[in-house]
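K.L.:
Sequence:
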Amino acid sequence: MTADIGATLTAVNGQKIINRVPDSVSEMTLYEATDVTETSCVLHWSKPTAAADAFSGGQVRPDGYCVVRRIGVMEGGMMTAKDDASFYVDGEDTLTFTDTGLTPDTAYFYTVYAVLRNENGADTELCASNLNKRVVTAAPETAPTDTEPMTGAET
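Numbered according to the working numbering, the sequence shown spans residues 1 to 155.
Treat the hints as calculated values from the structure; they're not laboratory data. There may be inaccurate statements among the hints.
Derived DEER-like restraints, expressed as beta-carbon distance ranges [claimed, not checked]:
#1 74 to 38: 30 to 36 Å
#2 93 to 142: 19 to 25 Å
#3 117 to 29: 35 to 41 Å
#4 117 to 72: 20 to 26 Å
#5 61 to 139: 16 to 22 Å
#6 139 to 117: 26 to 32 Å
#7 96 to 61: 14 to 20 Å
The list that follows gives simulated cross-link-like pairs (lysine to aspartate or glutamate, DMTMM-like), each with its CA atoms no further than 20 Å apart [to be verified]:
#8 133 to 35
#9 82 to 93
#10 47 to 32
#11 47 to 83
#12 82 to 141
#13 133 to 83
In this text, a Cβ means the ideal position worked out from N, Cα and C, and glycines have one as well.
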């Protein structure tokens, strides 16, 4: 399951997104990543909530979540985030995602969107998102080098 990314998110699982910016009445939190290794990390987020005066009565029930990963690239002495990959996580109650196959000692930026499918099933709506979360994978371990033991001075 994938999402089409670029300058903006345009589709999730082949379904066109009908609103490019998530509804402002919803919010959710992407917490710190856990279990960060050289090649993987686990992301955790909260369910989206709506403002008390929102039509839904404060409850947003997404069909799933779209995780967008961008990779940090140094350009002209500044770090920029370039589109890298996206993943669809099915289910309202699935609030974690394990990202694997990452490059050691590399900065990644994640954004999670809550996704609602329209009644006709042909389109998708973004109902909540969060700011980018920066995760840096661990540097590769280096093996100690073998050295000759020191001996006494020669006479």
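K.L.:
Take a look at whether the Cβ-Cβ distance between residue 74 and residue 38 falls inside 30 to 36 Å.
P.N.:
violated (20 Å)
K.L.:
Using the beta carbons of residue 96 and residue 61, state whether their distance is inside 14 to 20 Å or not.
P.N.:
holds (18 Å)
K.L.:
How does the Cβ-Cβ distance of residue 93 and residue 142 compare with 19 to 25 Å: does it lie in that range?
P.N.:
violated (41 Å)
K.L.:
So does residue 61 sit 16 to 22 Å from residue 139, Cβ to Cβ?
P.N.:
violated (41 Å)
K.L.:
Given the hinted pair residue 47 and residue 32, is their Cα-Cα distance within 20 Å?
P.N.:
holds (15 Å)
K.L.:
Kindly confirm whether 26 to 32 Å is satisfied by the beta carbon distance between residue 139 and residue 117.
P.N.:
violated (41 Å)
K.L.:
Honestly, do residue 117 and residue 72 meet the 20 to 26 Å range at C-beta?
P.N.:
violated (32 Å)
K.L.:
Hint says 35 to 41 Å; check whether the CB-CB distance for residue 117 and residue 29 agrees.
P.N.:
violated (23 Å)
K.L.:
Is the hinted pair residue 47 and residue 83 satisfied, with a Cα-Cα distance of at most 20 Å?
P.N.:
With a Cα-Cα distance of about 25 Å, the restraint between residue 47 and residue 83 is violated, given a limit of 20 Å.
K.L.:
Take the C-alpha atoms of residue 82 and residue 93, compute the straight-line distance between them, and say whether it is at most 20 Å.
P.N.:
Between residue 82 and residue 93 the Cα gap is close to 29 Å, so the pair fails against 20 Å, i.e. violated.
K.L.:
Hey, residue 133 versus residue 83, does the alpha-carbon distance stay inside 20 Å?
P.N.:
Between residue 133 and residue 83 the Cα gap is close to 14 Å, so the pair holds against 20 Å.
K.L.:
Holds or violated: residue 82 and residue 141, Cα atoms, limit 20 Å.
P.N.:
violated (26 Å)
Checked against the numbered hints given earlier, the structure breaks hints 1, 2, 3, 4, 5, 6, 9, 11, 12 and satisfies all the rest.
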